[in-house]
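Taken in order, these protein sequences are the chains called A and B. Counting from 1, one number per residue, gives the positions in the first sequence under this note's numbering. Counting from 1, one number per residue, gives the positions in the second sequence under this note's numbering.
The reader is advised that the hints may include incorrect statements.
What the hints assert, rightly or not - Okay, the calculated bits of chain B under chain A, using three or more residues with CB under 8 angstroms as the criterion: (1) 2-8; (2) 12-19; (3) 25-38; (4) 97-103; (5) 135-146; (6) 190-200; (7) 232-238.
Bear in mind the hints are in silico, worked out from the structure with no lab data behind them. Every residue, glycine too, gets a C-beta built ideally from N, C-alpha and C.
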Amino acid sequence: MLESLTLLLICQLTGEVVVRFLDIPLPGPVLGMVLLFAGLLIRRGVPKPLQDTAGGLLSHLSLLFVPAGVGVMLHVTRIQDAWLAIGASLVLSTLIAVGVTAGTMILFGRLSGTRDSDGEDR
Amino acid sequence: METAQLGQIWVYLATNPLLHLTLTLIAYLGGSKLYRMSGMNPLLNPVLIAVIAVVAILSLTGTNYEQYFEGAQFVHFLLGPATVALAIPLYNQIDRVRRSLPALLASIIMGSLSASLSAIGIAWALGAGPVLLATVAPKSVTTPIAMGISDALGGLPSLTAVMVILTGVIGAMLGPPLLNLLRIRDWRARGLAIGVAAHGIGTARAMQVNEVAGAFSGLAMGLNALATAILLPILWSWLFG
Numbered sequence: 001m002l003e004s005l006t007l008l009l010i011c012q013l014t015g016e017v018v019v020r021f022l023d024i025p026l027p028g029p030v031l032g033m034v035l036l037f038a039g040l041l042i043r044r045g046v047p048k049p050l051q052d053t054a055g056g057l058l059s060h061l062s063l064l065f066v067p068a069g070v071g072v073m074l075h076v077t078r079i080q081d082a083w084l085a086i087g088a089s090l091v092l093s094t095l096i097a098v099g100v101t102a103g104t105m106i107l108f109g110r111l112s113g114t115r116d117s118d119g120e121d122r
Numbered sequence: 001m002e003t004a005q006l007g008q009i010w011v012y013l014a015t016n017p018l019l020h021l022t023l024t025l026i027a028y029l030g031g032s033k034l035y036r037m038s039g040m041n042p043l044l045n046p047v048l049i050a051v052i053a054v055v056a057i058l059s060l061t062g063t064n065y066e067q068y069f070e071g072a073q074f075v076h077f078l079l080g081p082a083t084v085a086l087a088i089p090l091y092n093q094i095d096r097v098r099r100s101l102p103a104l105l106a107s108i109i110m111g112s113l114s115a116s117l118s119a120i121g122i123a124w125a126l127g128a129g130p131v132l133l134a135t136v137a138p139k140s141v142t143t144p145i146a147m148g149i150s151d152a153l154g155g156l157p158s159l160t161a162v163m164v165i166l167t168g169v170i171g172a173m174l175g176p177p178l179l180n181l182l183r184i185r186d187w188r189a190r191g192l193a194i195g196v197a198a199h200g201i202g203t204a205r206a207m208q209v210n211e212v213a214g215a216f217s218g219l220a221m222g223l224n225a226l227a228t229a230i231l232l233p234i235l236w237s238w239l240f241g
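Take the sequences, apply the hints, and build the full model.
Shown next as structure tokens:
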């Protein structure tokens with residue numbers, strides 16, 4: 001577990017350094033994800049401890065957004081002043097993005113005639 | 001005498017990261033419990049419940065955000081390694097990803113453009129000024145990169161972080177019912193849509209529902225961050241330059 005966590009941190013650190021060094025407009029962790037992905041492709045498999053550590057981290061992914069979310073308390077007045085513009089923009093554009101993304105994927109699937117797993121949830 | 005002692009204990013706790021770290025975990029566990037007890041009702045999103053609970057407690061105790069963040073930063077920090085870890089579910093789905101690569105890239109680019117353009121357009125139509133527009137524009141992108149884009153466009157990065165969380169909660173709440181309404185049952189398409197529109201919060205939810213959806217959602221989140229970081233600044237200078 002310690003090795004796996006260290007590996008994740010090394011990937012992130014490498015990502016942060018490369019992003020800054022080459023002035024790439026990307027967050028370091030995203031490049032770190034690309035690096036780890038490339039490493040897994042070369043190695044052709046996920047070591048069991050890494051699978052477990054990643055599973056543990058990712059099963060509580062939403063917890064990690066709580067501290068940033070609490071930052072809402074810094075912006076109460078600004079949000080109150082423009083609540084309609086903010087609220088309508090967030091809700092509608094999120095629905096539009098969901099529809100457009102899924103729609104494009106389905107359209108492409110129909111065009112190329114490939115179908116995959118079905119599912120539904122609430 | 002006793003109240004003086006309680007006062008001292010409070011002073012100790014309020015300046016120590018332990019209290020607010022524990023508070024964050026308890027609020028989240030409570031939120032998750034409510035969410036599960038409700039049969040995973042999307043309206044009872046655990047992040048939303050936890051944020052409301054923490055904000056309420058901080059307001060009642062007169063604690064400011066900086067003090068809270070002293071403790072909460074340990075949780076916040078894990079966002080980085082967790083983002084890196086998304087490579088693993090992605091790798092586990094490599095065959096599916098390979099088979100649908102062109103469709104996948106087209107969907108993510110369309111999703112990225114529609115998310116930022118519609119956010120800018122709607123906020124502009126309702127009277128938002130340039131600072132607010134720049135703050136809202138990257139809201140579908142995962143927190144750290146959205147803050148970077150917001151800064152580059154002249155927005156307020158810390159307010160963008162809040163927009164990103166709100167967007168994630170909205171997407172996790174309203175995305176799945178919309179997809180059901182549109183009769184989209186393909187787990188790949190569902191995952192992509194949630195990942196593009198609602199980044200990590202949507203991905204967290206997708207991961208609980210289905211492994212394929214979770215992997216595609218994580219992939220969409222990463223590629224959308226990439227696409228938006230490249231496309232939005234170009235779009236912005238074209239619109240307002």
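Verification of the supplied hints:
Given as covered by chain A, the stretch 2-8 of chain B fails the check, having 0 residues with a CB less than 8 angstroms from a CB of that chain where 3 are the minimum. For the stretch 12-19 of chain B, the stated coverage by chain A is violated: 0 residues have a C-beta nearer than 8 angstroms to a C-beta of that chain, whereas at least 3 were required. Remark: the stretch 25-38 of chain B is confirmed as covered by chain A, as 3 of its residues place a Cβ nearer than 8 angstroms to a Cβ of that chain, reaching the required three. Counting residues of the stretch 97-103 of chain B whose CB lies closer than 8 angstroms to any CB of chain A gives 4, which reaches the minimum of 3, so the coverage claim holds.
Residue count for the stretch 135-146 of chain B with a Cβ under 8 angstroms from a Cβ of chain A: 7. That meets the three needed, and the coverage hint holds. Using a Cβ-Cβ cut-off of 8 angstroms, 8 residues of the stretch 190-200 of chain B lie near chain A, which meets the minimum of three, so the contact claim holds. For the stretch 232-238 of chain B, the proposed coverage by chain A is not satisfied: 1 residues have a C-beta within less than 8 angstroms of a C-beta in that chain, short of the threshold of three.
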